[in-house]
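S.K.: Order-wise, the sequence lines are chains D and B. Taking this note's numbering, the leading residue of the first sequence gets 1, the next gets one more, and so forth. Taking this note's numbering, the leading residue of the second sequence gets 1001, the next gets one more, and so forth.
Because the hints were derived from the structure by calculation, they are not lab data. In this text, all values refer to a predicted model and were calculated from it rather than measured experimentally. There could be a bad hint or two in this list.
Computed, partial: chain D to chain B, Cβ under 8 Å [to be verified]: (1) Tyr32; (2) Lys37; (3) Gly41; (4) Lys42.
Just so you know, even glycine gets a beta-carbon here, dropped at the ideal spot from N, CA and C.
One letter stands for each residue in the lines below.
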Amino acid sequence: GENVEQHPSTLSVQEGDSAVIKCTYSDSASNYFPWYKQELGKGPQLIIDIRSNVGEKKDQRIAVTLNKTAKHFSLHITETQPEDSAVYFCAARDQAGTALIFGKGTTLSVSS
Amino acid sequence: GAGVSQSPSNKVTEKGKDVELRCDPISGHTALYWYRQSLGQGLEFLIYFQGNSAPDKSGLPSDRFSAERTGGSVSTLTIQRTQQEDSAVYLCASSLPGLAGGLGTTGELFFGEGSRLTVL
Chain D
1 GENVEQHPST LSVQEGDSAV IKCTYSDSAS NYFPWYKQEL GKGPQLIIDI
51 RSNVGEKKDQ RIAVTLNKTA KHFSLHITET QPEDSAVYFC AARDQAGTAL
101 IFGKGTTLSV SS
Chain B
1001 GAGVSQSPSN KVTEKGKDVE LRCDPISGHT ALYWYRQSLG QGLEFLIYFQ
1051 GNSAPDKSGL PSDRFSAERT GGSVSTLTIQ RTQQEDSAVY LCASSLPGLA
1101 GGLGTTGELF FGEGSRLTVL
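Please take these sequences and the hints and turn them into a complete structure.
M.R.: Below, the structure written as structure tokens:
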């Protein structure tokens, strides 16, 4: 089955800096790669996703890149703000109708 | 509209007791998922329902864990003879049905706020 590795487990940045979180996956059949943000006491929420026919996707200050050959994908947050502080999870899915497999999460702290 | 609702939000039980956790998905969402979140362990997949059937039970950690879904809506996760290592937050998520012609889902999972289970 699919296995997703996520790094780093914690990340501390200054407000205005960029943050990068990286994930690798094991199943070459995976074709859907979402990122979720979890704030304290809440359930995770989707912030951006990418499918295997796209190499990069942007949405304002966040972007995701995908390298299918190397089986890794990354989340980039620019101009970080304190409200970006949360736990971020990457995930992968091999085909429609199966469960998302998540990484172990990255705790991002943005200090002002 | 209403999101995914889970109950109880907190449950403290004694080792050896059975517990039931309930999930009420978003209306119209045919896919339903249970995940377990332990400290430092991320989101561990437990089971997935499409309608009332469970095509993927591969994540259930032992035969003490079971889940059912009736009427294509509410789901119950049952843990029998609880152990201390069962302590975690149990998250439920639901998603929309897939595109015409397939059983797949469109992708986005909507999570509830979870049920925190503490086994003493």
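S.K.: Are the hints correct? Go through all of them and say.
M.R.: Comparing the hints with the structure gives:
1. Tyr32: holds (6 Å)
2. Lys37: Given a least distance of 11 Å, the restraint on Lys37 (chain D) is violated.
3. Gly41: Gly41 (chain D) check passes; min Cβ-Cβ to chain B is 7 Å, inside 8 Å.
4. Lys42: At 6 Å from the nearest chain B Cβ, Lys42 (chain D) passes the 8 Å test, so the hint holds.
When the structure is compared with the earlier hints, a violation turns up for hint 2 alone.
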